[in-house]
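Protein chains in written order, with my numbering: chain A, 11 to 319; chain B, 46 to 627; chain C, 29 to 345.
Hints listed in this document are in silico derivations from the structure and should not be mistaken for laboratory results. There may be inaccurate statements among the hints.
[To be verified] Cross-link-like lysine to aspartate or glutamate pairs, in silico, DMTMM-like; alpha carbons within 20 Å at most:
id, chain 1, residue 1, chain 2, residue 2
1, A, Lys136, C, Asp335
2, B, Lys293, C, Asp46
3, C, Lys246, B, Glu425
4, B, Lys419, C, Asp290
5, B, Lys400, B, Glu370
6, B, Lys291, B, Glu241
7, C, Lys246, B, Glu446
8, B, Lys443, B, Glu425
9, B, Lys291, C, Glu201
10, B, Lys210, B, Glu195
11, A, Lys279, C, Asp46
12, A, Lys17, C, Asp46
13, C, Lys248, B, Asp67
14, A, Lys134, C, Asp335
15, A, Lys136, C, Asp331
16, B, Lys400, B, Glu559
17, B, Lys124, B, Asp67
18, B, Lys419, B, Asp534
19, B, Lys124, A, Asp215
20, B, Lys291, C, Asp46
21, B, Lys293, C, Asp234
22, A, Lys279, C, Asp54
[Unchecked claim] Taking beta-carbon pairs under 8 Å as the criterion, some of the chain A residues facing chain B (in silico):
id, residue
23, Asp139
24, Thr221
25, Ser226
26, His234
27, Arg237
28, Asp312
29, Pro313
None of the values given here were measured: they were computed from a predicted structure. For glycine and all other residues, C-beta sits at the position ideal for the given N, C-alpha and C.
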Amino acid sequence: MLWYTGKRLLQMIPVFFGATFLIYFMVFSLPGDPIAALYGDRPPSPGVIAQLRAEYNLDKSLIEQYLIYIGGFFQGDLGTTFSGRSVSSVMASAFPITARLAMLALAFEAFFGILVGLVAGLRKGKLFDASALVVSLLLISVPTFVIGFVLQFVFGIQLGWARTTVSGAAPLDELILPALVLASVSFAYIVRLTRASVSDNLNADFVRTATAKGLSGRRVVTVHVLRNSLVPVVTFLGVDIGSLMVGAIVTEGIFNINGVGGTVYDAIKLGEGPTVVSFIAVMVVIFVVANLLVDLLYAALDPRIRYAK
Amino acid sequence: MTELVTETVNQTVPSSNDPLLDIRDLEVGFQTQYGVVPAVRGVSLTLYAGQTLAIVGESGSGKTTTAQAIINLLAGTGKVTAGEILFEGRDLTRLSAKEMQGVRGSLIGYVPQDPMSNLNPVWNIGFQVEEAIKANSPLRGKEARARTIEVLQEAGLADAADRLKQYPHQFSGGMRQRVLIGIGLSARPKLLIADEPTSALDVTVQRQILDHLATLTRDYGTSVLFITHDLGLAAERAEQLVVMYKGKVVESGPSQEILANPQHPYTQRLVAAAPSLASRRIQAKKNQDAPAPEIFSAGGTDTALITRATERELAASGKDLISVEGITKMYRIRKSGLKYDELLAVNDVSFGVKKGTTTAIVGESGSGKSTVAKLILQLESTTSGRIEFEGRDVAGLKGRELLNFRRRVQPVFQDPYGSLDPQYNVGNTIAEPLLAHNVGSRKERQKRVLELLDQVSLPAATQFRYPSELSGGQRQRIAIARALALKPDVLVLDEAVSALDVLVQGQILNLLTELQTELGLTYLFITHDLAVVRLVADNVCVMQRGRIVEAASTDEVFNNPRELYTQELLAAIPGANFAFGR
Amino acid sequence: MPSSTPNNRQAHVVAALDETPVAAIDQVNETQKARSTWTDAWESMRRRPSFWISSSLILLIVLVALVPTLFTQAPPNSNCLLADSNGGAEAGHPLGFTRQGCDTYARIIFGTRASVTVGLLATFLVTLVGVVIGALAGYYGGVLDAIVSRIGDIFFAVPTVLGAIVLLSVLPERTPVTIALVMSIFAWPQIARIMRGAVLTARNSDYVTASIALGVSKFKILLRHVVPNSIAPVIVIATVSLGTFIVAEATLSFLGIGLGSDIMSWGNDIGNAQTSIRTAPQVLLYPAAALSVTVLAFLMLGDVVGDALDPKARARR
């Protein structure tokens, strides 16, 4: 396990630098003036442009620019927002809210997704399975923001069960509806993945042997079928963190939540290019680190990975 | 442990004359999209306490389905559609799920076929054994743990206490099978169903494990229902035989009697085809219609044998077609970290093969026999040593010359399911080498394909079929036809008949012998099965851990083995001591 | 061997010959039709109603995208009267009007082309790049594989839509082609990984070794044996991702950095309608429904194709 952890950490290093460089490269080496492009239709005053040129070191070579940027990154300087606040201070206040929302969404999608997927896999071809499949297909095919609007409209406006916008402190109970919206698509994927995995494992030789030992049906399902089916679900969670981030931008925008996603949403809507770039760079780094954690969880679940050389 | 036994027994004590297991007119069917397909059709069998009964049959005969129906382990859509399974007088087909759970493990134990896939890869060994113990006894905590170690030690894992925390992938196949046997016997069941418990293992390991199993079941008084495709093994291990064919019982009774006097034509075929030490090398017969059994008869007076023998002697005086001198192959195996282990897969191996003869390389898994085949085929390069073909070193061959070499030395691999591209139809598969070497026009290639199909006794229409539609034996014929397409001199047969049912195996060996005579082919026959070697080989090299431990003519090796290891291998051949059909 | 008591001794029983006829060993069944993997898959697909439903829907959608004028006479952008803003259905305007007072039905019909173009083009690019790179890396291995895999890891570390947000926020012009290109940049590693895995399996199969020993050249083996045997999982994922690309385009348009505002697309119409969601939800829901039905059709097709090509399901059939 130690060897595995070390190997994954080492592999993360080039990915970290590569991904941040990729973003930097995309923004600052495209033909044309990056500053003008970042501000789109509303060019800033010449003074601001000069200030930004200096700040982004645009007079130096691309590699130098990047090294200065990444050096600052390690010192906690993640860039500056349009309004002049440092990205790190916005992060400090916004990140906990987004983390709470994401954790809630992860809990929803993992718990209900695995539960529904398990039952569907055990009853393959029955009514429950068919309905679970239809619902999951529908959830995947309807964009998150449409689900968001519809739930906001139905529960917030028509039924009045939940607030249509979340207050500044974003307490947990107000986040339930946004978390359900955020979890919807991933829930559908987890249902499908668990279902497929469970029905595969049901036919596995070791499950038949477990039954032959005289174990109860419940124990066979939980200890042998479900446990083994969790392995692919956990690998999916790693990729899923990426779509949760995109989902957070949309969901926090719709419910007006002051999280990282909401900040990015506002910045995109207002055309504040530099803010968007700074925040997304940070999100990508979080994604890389989260994926490392998922990989370690994966190894903890599957001894064959843990002991692989 | 005796308390355990009495607890399960004190229900109804059957008189010793009542059968322990009595299956009557059992029918099992599988629901498919085309309707119910019957797999077992009216099977009846009786097993008394303390007895061992073997069900023998080839793949698809319904033997495994019958066994699984007993404790309702049928896969997916399988269902008992008629008949009863009486266990101590109780009809198991009528039990509720809960009652069946009480029977499994504690009254009827089960040892599955493939040790690689029957242990859950994500749980450690201790957990998987302990869970069986907890399910069938009141033992908990430390007591359960102690019993786990005891069970594993009884199954032959002496260091069980230290290995409880290890995972299945850290155990060898033989050790895993011991774990599974331990689990099957952990609650001292009255009946143990052993479904091909050793067919995935080497013969010497197989023998050890079966001996051990026999001792345990005798000590505990456990009855055994033994499922196998190997008639020799069945006869050796069971006093009663049930021969199954296409879902039906064709013959049953005491093993000795059936072997000595098989009545049903199918049983007669099986008995005749069973390779044993008494068999002789197959001699090619021009008469294609000769039924299979005759070919296996040990006819020492056959004139063909005499002519062939002189031919072979004549050939043997010539130079070696293939000569291997001191080849060595080293693999570097990555250990944890940056360290490497060096594995000497082939260690200083030398032998020669004369034109028109068959040389067998025999060994167990890990002996390096398949690596030798790969080295000769130039699929891997030697670490040191020299391989000559017609006196020329083949190591440095490149481009045209390598192509020419490949044209003359062709392989046939073990797995007839894996060695044919599933997306290619048979005609294209056989034509591929012709195309690769730019031989002939489209029309000529087409003609050659038909010719080759005829040579391996397959109808011309087979050319439009895909591998998935053919049986294992038919696929192996296709692989042989493909290998013959370029009229090679040498065929390297790497376990070419090992995956086949015994009757089909006999057919293919027969075909190979005919082709050898007809086309003057030279065979290098790689196998783990000594019994087959006797049927086809002129010379034998016995390999162990990368070295050749004994090399001599087939007769010498079989009649007068010098090395201890060869003797062990010979003794481990199942049914070696039976005189089949006499 | 333990001796059986005399009354336990079983008789030697032989089945009646006429009930258990013995067939010739290993005979070829000549009556069946030849079945390749692909004809097999087709046989399995054509039994499924969801295959016919999804593929006819897709055909219809593609037809709408190619020739929108077949389906509506109303010009989508002229005759927009602000007086009709968010108006309900009336004669000739079955779905009512958008916020700008344009005919909703006509806009949906004319918006099909942009969404479908993005989906098809992005899928095509991602599949092409992913298959070529994945196949070469998996087949040739070694340094090439190491380098390509690490580069793939880097692109994989940027979630597609996040990367697209960054890139699109600096791109001056945003047409369906640029959106598809931008998404492909970040989405190809997924296909490449799947292809590489499948190629690794195929490369180590006996039929490849057999072909090498038969003297077939290495590159020809890749083309003739390895790729055809590795492509099935890619086809399944590609079909499904076509739907997700359409959703992603709509998400980007909703955020205001998708297709340019002058391009008619479902995403733009949904984005424009969000301000009036409370008063006139139908203006948002109609284009959203069109989009969802399209995505659903591709997902359903992906499911059917996946089941038909899944070797495990085939074995059970």
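These are the hints, each one checked on the structure:
no. : hint                : result
1   : A:Lys136 / C:Asp335 : 17 Å, holds
2   : B:Lys293 / C:Asp46  : 12 Å, holds
3   : C:Lys246 / B:Glu425 : 15 Å, holds
4   : B:Lys419 / C:Asp290 : 65 Å, violated
5   : B:Lys400 / B:Glu370 : 17 Å, holds
6   : B:Lys291 / B:Glu241 : 18 Å, holds
7   : C:Lys246 / B:Glu446 : 16 Å, holds
8   : B:Lys443 / B:Glu425 : 13 Å, holds
9   : B:Lys291 / C:Glu201 : 70 Å, violated
10  : B:Lys210 / B:Glu195 : 15 Å, holds
11  : A:Lys279 / C:Asp46  : 84 Å, violated
12  : A:Lys17 / C:Asp46   : 67 Å, violated
13  : C:Lys248 / B:Asp67  : 59 Å, violated
14  : A:Lys134 / C:Asp335 : 13 Å, holds
15  : A:Lys136 / C:Asp331 : 17 Å, holds
16  : B:Lys400 / B:Glu559 : 16 Å, holds
17  : B:Lys124 / B:Asp67  : 18 Å, holds
18  : B:Lys419 / B:Asp534 : 17 Å, holds
19  : B:Lys124 / A:Asp215 : 18 Å, holds
20  : B:Lys291 / C:Asp46  : 14 Å, holds
21  : B:Lys293 / C:Asp234 : 35 Å, violated
22  : A:Lys279 / C:Asp54  : 72 Å, violated
23  : Asp139              : 15 Å, violated
24  : Thr221              : 6 Å, holds
25  : Ser226              : 6 Å, holds
26  : His234              : 6 Å, holds
27  : Arg237              : 6 Å, holds
28  : Asp312              : 6 Å, holds
29  : Pro313              : 4 Å, holds
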